[in-house]
Amino acid sequence: QVTLRESGPALVKLTQTLTLTCTFSGFSLTTGMCVSWIRQPPGKAPEWLARIDWDDDKYYNTSLQTRLTISKGTSKNQVVLTMTNMGPVDTATYYCARHSKEGGDFDYWGQGTRVTVSS
Amino acid sequence: DVVMTQSPLSLPVTLGQPASISCRSSQSLAHFDGNTYLNWFQQRPGQSPRRLIYKVSNRDSGVPHRFSGSGSGTDFTLKISRVEAEDVGVYYCMQGSHWPWTFGQGTKVEIK
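The listed protein sequences correspond, in order, to chains Z and L. Heads up, the first sequence is in my numbering, so the first residue is 1 and it goes up one at a time. Heads up, the second sequence is in my numbering, so the first residue is 1 and it goes up one at a time.
Just so you know, the hints here were simulated from the structure itself, not pulled from any lab data. Hints should not be assumed to be uniformly reliable.
Unchecked claim - What follows is a list of derived Cβ distance ranges for each label pair:
1. L:D75 with Z:T74: 34 to 40 Å
2. L:G73 with Z:S63: 22 to 28 Å
3. Z:T74 with L:T14: 19 to 25 Å
4. L:T5 with Z:T3: 42 to 48 Å
5. Z:T15 with L:S72: 41 to 47 Å
6. L:P64 with Z:M33: 42 to 48 Å
7. L:Q17 with Z:T15: 33 to 39 Å
8. Z:T17 with L:A30: 28 to 34 Å
Everything numeric in this text was worked out from a predicted model, so none of it was measured. For every residue, glycine included, the Cβ atom is placed at its ideal position computed from N, Cα and C.
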């Protein structure tokens with residue numbers, strides 16, 4: 001079955017760089033398949049951050065694109081997100097999710113990893 | 001960015017009664033490829049979001065038939081025909097027609 005799991009630090013300091021890894025199973029990043037990162041601050045709505053496609057095309061939320069980098073990991077079943085210059089507003093649960101090329105149809109989500117930014 | 005506006009933000013419902021959530025977009029979600037990429041997600045307390053409906057009205061496998069989606073252009077609706085206890089949670093609409101993809105603020109469904 002399809003599963004995704006996010007991993008990374010639970011705590012990062014102000015101005016540090018956050019690196020998160022999404023490890024997935026039950027599918028491959030082959031034709032038509034994509035993985036996105038989405039975050040959700042406590043008590044707020046989700047916010048789409050970045051996406052990587054099977055052919056290595058990458059897309060970023062315009063409001064954050066100068067701080068974000070998405071890439072495939074060293075393993076074929078991993079996607080990595082880095083976010084630079086972390087601040088208090090970046091405190092959130094970060095999810096990765098699978099979807100097809102069009103429409104943001106996130107059909108499988110990870111359980112999320114909570115990240116707190118501290119001074 | 002396309003702004004997604006949901007109403008109401010809080011929806012107390014009696015068990016067995018219907019519920020309806022409205023979602024309006026600041027631009028038409030009709031995509032040039034002919035599809036309308038409006039999705040609905042349910043987030044139960046302490047859980048990850050779960051997709052219920054994609055492309056306006058397509059119910060996901062395993063989603064009860066009491067959930068239905070409708071709409072076009074800028075106006076969309078999620079309906080629950082008879083609310084059950086397991087439907088408690090926050091419901092989000094999300095558009096995938098324009099970059100960046102954006103979510104509504106969420107509607108919290110609770111039992112009266």
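Structure-based check of all given hints:
For the pair D75 of chain L and T74 of chain Z, the beta carbons lie near 46 Å from each other, so the given range of 34 to 40 Å is not met. One distance hint, 22 to 28 Å for the beta-carbon pair G73 of chain L and S63 of chain Z, holds here, with the actual separation near 26 Å. For the pair T74 of chain Z and T14 of chain L, the supplied restraint of 19 to 25 Å is violated, since their beta-carbon distance comes to about 53 Å. Against the hinted window of 42 to 48 Å, the Cβ-Cβ separation of T5 of chain L and T3 of chain Z comes to about 33 Å, which falls outside the hint.
Between T15 of chain Z and S72 of chain L the beta carbon distance is about 46 Å. The supplied range of 41 to 47 Å therefore holds. At roughly 28 Å, the beta carbons of P64 of chain L and M33 of chain Z sit outside the given window of 42 to 48 Å. In this structure the hint that Q17 of chain L and T15 of chain Z lie 33 to 39 Å apart at CB is violated, the actual value being about 51 Å. For T17 of chain Z and A30 of chain L, the Cβ-Cβ distance of about 39 Å falls outside the hinted range of 28 to 34 Å, so the restraint is violated.
Hints 1, 3, 4, 6, 7 and 8, counting from the list given before, are not met by this structure.
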